[in-house]
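Undergrad: Okay, here's what each chain looks like letter by letter:
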Amino acid sequence: MKTVKQNVTNYLLRHVQVMLFSLGRLWRQPLASLMTVVVIGIALALPAGLYVLLKNIEQVSSQWDDAAQISLFLKQDKTDVQAQILVNKLTTWPEISAVNFQSASQSLEEFRQLSGLGNLLDTLPSNPLPAVVIVHANSDNLRADAMNRLLSLLDALPEVEQTQLDMEWLQRLRSINDIGQRGISILGLLLSLSVLLVIGNTIRLAILNQESEIRVIKLVGGTNTFIRRPFLYTGFWYGLLGGTFAWLTLLSTMSLINGPINQLARQYESQFTLAWLSGSMMLILLSTGMLLGVMGAWLAVGRHLSAIEPR
Amino acid sequence: MIKFTDVYKRYTDRHEALSGLSFQLAQGEMAFLTGHSGAGKSTLLKLIALIERASHGQVLVNEQNLTRLPPSKIPYYRRQIGLVFQDHNLLHDRTVFDNVALPLVIAGENNREIGRRVRAALDKVGLLNKERNLPIALSGGEQQRVGIARAVVNRPPILLADEPTGNLDPDLSRDIMHLFEQFNQVGVTVFIASHDLDLIQTMPYRQVILQKGRLAQQAER
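From first to last, the protein sequence lines stand for chains Z and S. For what it's worth, this note's numbering labels the leading residue of the first sequence as 316, then goes sequentially. For what it's worth, this note's numbering labels the leading residue of the second sequence as 112, then goes sequentially.
Honestly, the hints are just simulated from the structure, not real lab data. As the structure is a computational prediction, the values presented were derived from the model and not from experiment. Just so you know, nobody snuck in bad clues.
Derived lysine to any residue pairs resembling SDA-like cross-links, with alpha carbons at most 25 Å apart:
1) S/Lys157 - Z/Glu624
2) S/Lys157 - Z/Arg626
3) Z/Lys390 - Z/Pro473
Which chain Z residues stay away from chain S? Per the calculated CB distances, all over 12 Å, these:
4) Thr406
5) Trp484
6) Arg489
7) Ser490
Derived coverage of chain Z by chain S (criterion: at least 3 residues anywhere in the stretch with Cβ under 8 Å from a Cβ of chain S; other residues may be distant):
8) 325-331
9) 534-544
C-beta: ideal position from N, C-alpha, C; glycine also.
Please model the entire structure based on the sequences and the hints provided.
TA: The structure is reproduced here in structure tokens:
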């Protein structure tokens, strides 16, 4: 009598053998297998790559969160003293974390330095620039609706001629980012479907190729489970290898653009560094590949295996 | 061991391959199934191997009623029957050893047992030294012997053969038939479809003769 332990060992051993056997099959047709793997790899790399891109954009925009500021241009007739009273008042507002004041003459000085039009400015009869109060929003009030509420409050102040939110473009970027995220989800779904179909079709061809072999196995008492197994493992390998290919593609793409990105970041005096594929991302990529592979194989085997019966 | 009771087999085109066939084979018996081409020999074997099902009537094999056997049980049923074909039905991308091992692998035997039994079967058919070869490297007679080794490797109680000597010259055919006799002598029920009458007449076994899907006569020797 065989013991349970022996049976389990036998069973696992058989699985490992079938696994290696199906890998061997792929190996014996290197070109055809490679093409399938590359197709799967590209289909997986595309959404994953876009996802990484999006992550990086998010990372960049999060660095600019503390740049969420509103410039208040004061009316020309307000004196520096009046402006200082306003500043003191604003500092007490709970929505506001910090307030900076820049007087009209400071504005002129700054403009003179940055524009290089110093001599021209000297010919002007009076300072055309307004005094500016720069308000930094509290970090709890960075969301668009809170910012807009604060903006309208500030806009209503009698001393203020005009307000300008320096965040608007950032919010737009965030919105675009949101759209991008959905787009990538849809793209990922569609490409996953195509991986499923590619693997399904490849397995279907493999089944047709081995039709006579399947007949023989059925004749000598092979169950459907037994016949299905190598095809499922073939799907597994396609998925795993495709996932690996996708990962390597992304990795090499990123190392190619890493240099120029760092250079660009330095030019903008940014601390930005490219966010790479994380370990968990790699695991997700590989396991998605494996899952799609096995599922595609399962669909193909389910459809075509029962049609093959001994004659 | 094998019992047909009033068995009919009709195909969709109203062609009746077997009509009201009744006969039986005792356990441990060896018999030949003969008749002209198209007499229904292959159909009869297919009914026993459950490749086809009877349209009407009862087929009992090894005390199992095949009319009632659900499809999911068919693989396990077939493991009780060794099948030998005219065209061998070997897997050409696997070695002789792997071909013979197939029924044992399917049954989930462990590697040690597989090695032992495959070599015993190959020894029996005289091909022990060819276990590493691919079937394509063997002669027709040798390929047929690999087929026989595969059919008997899991020691089935019944051995069916469909024209096993169809492509072989008389000397090789006699060797093959002798092999079947040896399995019969250790208790296996053997049923061989053949139209090699010259060879069959020289052997002391019953003939089940089919004529247009009916039993013509059973010649006892």
